[in-house]
Amino acid sequence: MDSERDRELERRRQQVRAGGGEARQAKQRQQGKWTARQRLAALFDPDSFQELGMFVEHRSAEFGMADTEAPGDGVVTGFGQVDGRLVYAFAQDFTVLGGSLGEMHARKIHAIQDLALKSGAPIVAIADSGGARIQEGIDSLNGYGEIFRRNTMASGVIPQLSVVVGPSAGGAVYSPALTDFVLMAEGIGQMYITGPQVIKAVTGEDVTHEALGGAETHARKSGVAHLTFPDEPALFAGVKHLLSYLPSNNLASPPAAPAADPDPAAAAQLGNVVPDDPNKPYDVRQVILGLVDQGTFLEVQPGYAQNMVVGFGRLAGRVVAWCANQPRILAGCLDIDASDKLARFVRFADAFNLPLVTLVDTPGYLPGTAQEYGGIIRHGAKVLYAYSEASVAKISVVLRKAYGGAYLAMCSKSLGADLALALPTAEIAVMGPEGAANIIFRSEIERADDQDAMRKRLVAEYRNRFSSPYVAAARQFVDQVVTAEELRPVLISALWALGEKGEDRPAKKHGNIPL
Amino acid sequence: MRRFKITVNGHAYEVEVEEEGERPSGGRSQHHVSHARHEPDPAAARPAEAAGPGEPILAPLPGTVLDVKVSAGQTVASGQVLLVLEAMKMENEIVAPRAGTVKELHAKKGQSVTTGDLLLVIG
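Heads up: the sequence lines are chains V and Z, in that order. Reading the first sequence from the start, the letters are residues 1 to 515 in my numbering. Reading the second sequence from the start, the letters are residues 1 to 123 in my numbering.
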């Protein structure tokens with residue numbers, strides 16, 4: 001650091017690293033928020049982050065912008081290592097012009113998106129921005145459009161994660177929406193298309209920023225957020241945890257880990273979780289926890305459409321995408337939101353070589369006018385499409401109820417499951433025993449003196465005859481009937497057997513999933 | 001076209017109701033609601049949010065109330081089973097979304113409910 005030119009470089013670096021200055025950074029901290037550089041430091045392994053484009057400046061001369069300094073133009077971009085793996089990232093800096101997106105700010109993002117795609121590495125977008133830089137007009141609008149297009153081109157090629165730790169309003173929300181996962185910090189991240197003031201003016205509704213677009217709202221009501229965290233340290237630990245299950249790109253395998261036994265308490269209980277009585281609810285997550293390597297289950301969208309459980313977990317070190325009906329919520333019925341949640345998760349897993357294990361216990365589709373008018377037909381079709389289309393290893397396990405169309409939808413052999421397993425408690429039939437008996441034996445019931453007694457007897461008869469795994473197994477719609485205790489070793493060897501599985505699909509531009 | 005003035009949670013609304021078959025006037029939507037912003041009753045509680053009278057627990061699906069596990073005024077913990085609703089051939093446990101007290105109890109054992117029916121209110 002002895003030449004004048006070296007000192008000049010260092011001075012410029014310091015200036016950019018200072019971002020919007022001490023006062024604005026203090027304000028950021030007061031709000032419980034980290035600065036852009038703190039966030040990147042939390043994400044990347046120590047000293048591994050390489051910043052690109054740090055001396056980029058905006059070109060705007062309008063509206064007094066000519067004299068406005070904007071270090072890095074309000075965004076920090078680069079690459080580094082996360083647990084030793086290459087990851088690209090950009091972090092908007094709210095202390096510089098409110099993290100607003102102008103022409104050059106956007107160009108830095110485009111450059112890092114392009115590099116991530118070319119190098120086949122995940123990209124993490126850290127959003128904390130007031131939105132479009134109005135002074136730069138349509139150039140900033142174009143900046144968003146080009147981000148969206150790159151998000152789309154990278155979709156299904158590299159994992160794209162969006163971390164929302166600040167405002168994300170208007171068009172800005174659509175980049176996160178196009179990516180694979182949206183992670184939010186409670187009380188810090190907010191996403192909406194139109195803000196509270198506009199809503200107040202147009203519809204008269206009173207709503208706070210947090211109630212409209214906070215983490216809780218998007219975790220429970222809208223389903224926009226896949227994972228939420230109480231604060232930023234927890235959030236960035238969560239980003240790393242999520243990345244640990246994901247391959248770097250669509251041609252790579254998910255990261256392997258040493259095999260581990262399941263949680264001993266959960267494994268010991270595994271045989272007792274699913275009640276024999278088909279009317280009794282239970283928590284299907286207890287089944288998953290009894291199967292996966294201890295401490296490896298990461299549930300995705302846990303607060304949204306809770307009648308469907310999806311998440312990542314390892315079996316003997318191998319990453320598995322788990323899908324399961326949740327009998328304790330809405331009886332485990334399939335509905336619009338559960339269908340959307342499941343179909344999107346299945347497509348993600350298929351795009352990124354994650355084998356699917358589906359645990360089935362559903363009485364059917366949720367009845368009601370709200371579901372029909374809401375389009376359960378087209379939403380439910382997504383599940384059929386996603387499972388049929390998926391060419392990764394597909395294993396289904398019928399735990400208990402599997403009736404009719406919902407049985408078919410949940411990764412049945414008919415939709416291309418490579419291996420269909422069932423517990424002895426499985427009831428696989430065209431419909432539930434009550435409904436079926438009422439139809440098949442209608443005339444017998446009508447003729448009987450005591451219709452109720454006759455109905456009960458015939459329902460029991462139907463149940464004994466057809467509500468078991470053995471009718472389906474006789475046609476090999478079920479390949480193997482196993483006990484709950486046998487399930488984990490059987491799944492592990494099945495995943496091993498299907499490890500090199502491949503399936504070709506007819507060449508086409510793309511399918512037409514019923515969106 | 002008939003006009004009504006209704007007040008919901010302290011907000012006054014003017015509602016124009018048009019019978020089907022009647023010609024919509026000037027191409028406007030048939031049910032036009034305008035927020036009148038008449039002097040809201042200052043004593044009235046703010047709609048929704050924490051200041052409201054409590055959290056209503058609604059039936060998530062149509063069924064029969066099999067069992068009511070709490071009584072009015074009782075303190076409940078988050079996750080505690082409030083009642084059991086038999087629906088879709090399943091004994092669905094309706095649990096408290098948060099800790100509080102049972103401020104209102106509307107569900108009765110044996111009662112048939114449809115989606116959205118008010119079962120109880122946690123305050």
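Keep in mind the hints are simulated off the structure, nothing from the lab. Check before you lean on any hint, since a few could be wrong.
Chain V side only, calculated, beta carbon under 10 Å to chain Z, not exhaustive [as the list claims (entries may be wrong)]:
1) Asp206
2) Pro255
3) Tyr373
4) Gly374
5) Gly375
6) Ile377
7) Ala381
8) Gly432
9) Ala436
Virtual Cβ for every residue (Gly too), placed ideally from N, Cα, C.
Taking the hints in turn, this is what the structure says about them:
1. Interface restraint check for Asp206/V: the shortest CB-CB distance to chain Z comes to about 7 Å, inside 10 Å, so the restraint holds.
2. At its closest, the beta carbon of Pro255/V sits 35 Å from a beta carbon of chain Z; the interface hint therefore is violated under the 10 Å criterion.
3. Given the 10 Å rule on beta carbons, the hint for Tyr373/V is violated: about 13 Å separates it from the nearest Cβ of chain Z.
4. Residue-level restraint check for Gly374/V is violated (minimum Cβ-Cβ distance to chain Z is 12 Å; threshold 10 Å).
5. Among the interface hints, the one on Gly375/V is violated; its C-beta lies about 17 Å from the nearest C-beta in chain Z, farther than the 10 Å criterion.
6. Look at Ile377/V: its Cβ only gets to about 19 Å from chain Z, farther than 10 Å, so that hint breaks.
7. Violation of the interface hint for Ala381/V is found here, the shortest Cβ-Cβ separation to chain Z being roughly 21 Å, above the 10 Å cut-off.
8. Of the supplied interface hints, the one on Gly432/V holds, with its beta-carbon coming within about 6 Å of a beta-carbon of chain Z, less than 10 Å.
9. Given hint, Ala436/V at the interface with chain Z, is violated; its Cβ is 12 Å from that chain's nearest Cβ, farther than 10 Å.
Consistency with the previously given hints fails for numbers 2, 3, 4, 5, 6, 7, 9, ordered from lowest to highest.
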